[in-house]
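Participant: Residue numbering for the sequence shown follows our numbering, starting at 1 and increasing by one per position.
Be a bit skeptical, because a hint or two may be false.
What the hints assert, rightly or not - Here are the simulated DSBU-like pairs of lysine-lysine, each with C-alpha atoms no more than 35 Å apart in a straight line: (1) K350 to K329; (2) K234 to K710; (3) K562 to K592; (4) K61 to K46; (5) K99 to K75; (6) K592 to K710; (7) K592 to K117; (8) K261 to K329.
For the record, the hints were derived by calculation from the structure and aren't laboratory data.
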Amino acid sequence: MKTILLILASIVLCGNLSANEPPRQVSGCITDEKGETLPYANILVKGTTHGTASDLDGNYKLDLSKPGEYHLIIKYAGFTPVEQRIYLHGDTVINFRLKEDALNLNEVTVTATRTPKLLKDAPVITRVITATDIKKLNAVTVQDLLETELPGMEFTRQMDGQIAVNMQGMSGKYVLFLIDGERMAGETLNNVDYNRLNADNIERIEIVKGAASALYGSSAIGGVVNIITKEPSKPLEVNVSGYYGSNNEQRYGGTIGTKQKNISSLTSVMYKNKDHYSLWSSDRTDSAIIYGGKDLSVDEKLSWKVSDKITLTGKGGFYTRLADIANDKKTDRYRDYNGSVRMNYLISEKQDLTISYLLDRYNKYDHYTKTDADSLNYRNTQHTARAQYNYSFTPNNTLIGGAEFFRDELMSYQFSGDTHSTNDYILYAQHDFNVTEQFNLVYGGRMDYYNSFGAHISPNISLMYKLKPFTFRTSYSRGFRAPSLKEMWTEWDMGGMNMFIIAGDPNLEPEISDNFSVSTEYSRDRVNFSVIGYYNNIKDKITTIFSADRDTSYYRNIDKSKLAGLDANLAVKCPYGFTVKAAYAYVHENMKQNGYNVSSTRPHSATLGINYEYSRKNYDLNVALNGRFLGKLDTYEANSTGDTFTPVHYSGYQNWKITVSQRLFGAYLLQATVDNIFNYKPDIIASNSPMSPGTTFMIGLSVNIDEIFK
Numbered sequence: 001m002k003t004i005l006l007i008l009a010s011i012v013l014c015g016n017l018s019a020n021e022p023p024r025q026v027s028g029c030i031t032d033e034k035g036e037t038l039p040y041a042n043i044l045v046k047g048t049t050h051g052t053a054s055d056l057d058g059n060y061k062l063d064l065s066k067p068g069e070y071h072l073i074i075k076y077a078g079f080t081p082v083e084q085r086i087y088l089h090g091d092t093v094i095n096f097r098l099k100e101d102a103l104n105l106n107e108v109t110v111t112a113t114r115t116p117k118l119l120k121d122a123p124v125i126t127r128v129i130t131a132t133d134i135k136k137l138n139a140v141t142v143q144d145l146l147e148t149e150l151p152g153m154e155f156t157r158q159m160d161g162q163i164a165v166n167m168q169g170m171s172g173k174y175v176l177f178l179i180d181g182e183r184m185a186g187e188t189l190n191n192v193d194y195n196r197l198n199a200d201n202i203e204r205i206e207i208v209k210g211a212a213s214a215l216y217g218s219s220a221i222g223g224v225v226n227i228i229t230k231e232p233s234k235p236l237e238v239n240v241s242g243y244y245g246s247n248n249e250q251r252y253g254g255t256i257g258t259k260q261k262n263i264s265s266l267t268s269v270m271y272k273n274k275d276h277y278s279l280w281s282s283d284r285t286d287s288a289i290i291y292g293g294k295d296l297s298v299d300e301k302l303s304w305k306v307s308d309k310i311t312l313t314g315k316g317g318f319y320t321r322l323a324d325i326a327n328d329k330k331t332d333r334y335r336d337y338n339g340s341v342r343m344n345y346l347i348s349e350k351q352d353l354t355i356s357y358l359l360d361r362y363n364k365y366d367h368y369t370k371t372d373a374d375s376l377n378y379r380n381t382q383h384t385a386r387a388q389y390n391y392s393f394t395p396n397n398t399l400i401g402g403a404e405f406f407r408d409e410l411m412s413y414q415f416s417g418d419t420h421s422t423n424d425y426i427l428y429a430q431h432d433f434n435v436t437e438q439f440n441l442v443y444g445g446r447m448d449y450y451n452s453f454g455a456h457i458s459p460n461i462s463l464m465y466k467l468k469p470f471t472f473r474t475s476y477s478r479g480f481r482a483p484s485l486k487e488m489w490t491e492w493d494m495g496g497m498n499m500f501i502i503a504g505d506p507n508l509e510p511e512i513s514d515n516f517s518v519s520t521e522y523s524r525d526r527v528n529f530s531v532i533g534y535y536n537n538i539k540d541k542i543t544t545i546f547s548a549d550r551d552t553s554y555y556r557n558i559d560k561s562k563l564a565g566l567d568a569n570l571a572v573k574c575p576y577g578f579t580v581k582a583a584y585a586y587v588h589e590n591m592k593q594n595g596y597n598v599s600s601t602r603p604h605s606a607t608l609g610i611n612y613e614y615s616r617k618n619y620d621l622n623v624a625l626n627g628r629f630l631g632k633l634d635t636y637e638a639n640s641t642g643d644t645f646t647p648v649h650y651s652g653y654q655n656w657k658i659t660v661s662q663r664l665f666g667a668y669l670l671q672a673t674v675d676n677i678f679n680y681k682p683d684i685i686a687s688n689s690p691m692s693p694g695t696t697f698m699i700g701l702s703v704n705i706d707e708i709f710k
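Use the sequences and the hints to build the structure in full.
Facilitator: Take a look at the structure:
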């Protein structure tokens, strides 16, 4: 222990050592192409944590310890980053002029490779939804946001009232949701609690479709959705907001943050309330209750720049939700506690080391309304420890390697015993390099060793070739999903009504997938178009089968499915402040059960977004019109025992939403939203029916208090 402390102390002390020479200063102004100043732009010294930010007038001052060569990086949201080497002999004035990134193609993404990379240079096509996009849409939840932006993404209800996701034929157990690159605890019925995700605290969302197990391990067969939380950007920033809408939907939030020379902090609080409501079929014979509830979340992110080489970041969060399920006696309460610490050590301009630890605990209770008492019936605790080393031989030749430990613990009322757990020991590596200026190759692999079933290896390889204005990509990746603790250890009387027993199997094997994709992208300054084709073959799928006497349903590795599809995306920055985005997704899923295709995935879906922006001094107007189109679905559904199949038809439908936003004096944001403009309601009430009660409204006000008093 003493040795470890001495090593850490040495690192910190060495990082603080500097030459005794007087500091030199680089200063100047940062503007756009029209000469308008850019406040709070970031100026960083590559290979260190040293940097500064421009002031309200776009001016900056950066102190450097000694003469020499430095590599500066200048970043500002919505603009193309600039990198420049300087040779410093004395105080120097350098002005920077940034170019607008009309379609966010120079947005930095980390999910595709676990290292920062420009969106246009990612080896697999990655979709990024920015904080600006989120604010324009006035999204109440992440579910609303993803459905609006991505075709093939559907959120539906489960039998316990929780939300379930389907992304291009992949249910929630095959889509990995991350917060700042870390897993979320609390999987129930194959989905995490998406209500935990605070839309007001999101900097951007990165979506990588296709198997990503080579970097992220189990459950990343269908893709990864990485929620990147906000960082403070000003010496002081304070925001309060309030929104009110149909079904007594309320949303109140606040953030306070600061970014100083060596310390930054951001605290966010969000409270949401929504009443339950009922959906009815067109003939009024079937109905369903869509649960409401009261949510409260509190999050803190604190960073300390120990030296020019070392940064420590701590995060903590608390979330609680009390469901509103129209039951006077009992309801559900959910609570989550999470905390993490991370150290980033920039060894040199070419190499860095990141060490992190995360604890996430998610609890579910039966809440008795008359006595206000809680009875714990579910507890999921996850521990994740990771060390990752990155080495750049050249700017276009990077090797990463990492080791990780993951422990999953689960207590559930569906277990015969109390608590079960599993450990996963992980090694992974990836090499990303440009063979030529146009040709990029990324290959790597990950080895997971589970104490429940042994080792599994997940390789991947991606090729990218640029022939401006075209970019061609192709990739192969192997995915896997480890059997969950629920699937291994459940022993539960279905509904407590002696219908049948659901029994787990501790000898289950992991599900395996082989994913292939090929894409073409065309990109100019104001036009981007891409087409992606993919094929995913999943084997050893875990499903349930009945015993001969049908009194027990067992989990077994006997199922399989094949998915093939096509995505097309178009984004155009038009004159006069207009932007148009359109996307289309086709999915063909072959999921056979007793010879019947029981797929619940709609083959055709599309989205269309038309955005208008108008700006004058002290006034900004934004109008966002978004439409979702979902094609019809003809499928078969099995009865509760799986021996009878009935053909079912779900009609296609479309949903339109409009949001008008006005910002006054840079401080006051007024927003009004009308969702489901044409009042669509489903004919059939089923688990995958849309959850909209018809046309809904929301109005709100957000105030940047620091802008009022600047």
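Participant: Does each hint fit the structure? Answer for all of them.
Facilitator: So, going through the hints one by one against the coordinates:
1. Restraint check: the Cα-Cα separation between K350 and K329 comes to about 61 Å, which exceeds 35 Å; the hinted pair is violated.
2. Pair hint K234 plus K710 holds up; C-alpha atoms about 11 Å apart against a cutoff of 35 Å.
3. Of the pairs offered as hints, the one joining K562 and K592 holds, with about 10 Å between alpha carbons and a cut-off of 35 Å not exceeded.
4. Of the supplied pair hints, the one linking K61 and K46 holds, its CA atoms being roughly 16 Å apart against a limit of 35 Å.
5. Between K99 and K75 the alpha-carbon distance is near 11 Å, which keeps this suggested pair within the 35 Å criterion.
6. This hinted pair does not check out: K592 and K710 have alpha carbons roughly 63 Å apart, beyond 35 Å.
7. Only pairs whose Cα atoms come within 35 Å are accepted, and K592 paired with K117 is rejected, the gap being roughly 40 Å.
8. For a cut-off of 35 Å, the pair hint linking K261 to K329 is broken: about 54 Å separates their Cα positions.
This entry does not satisfy hints 1, 6, 7, 8, going by the numbered hints stated previously.
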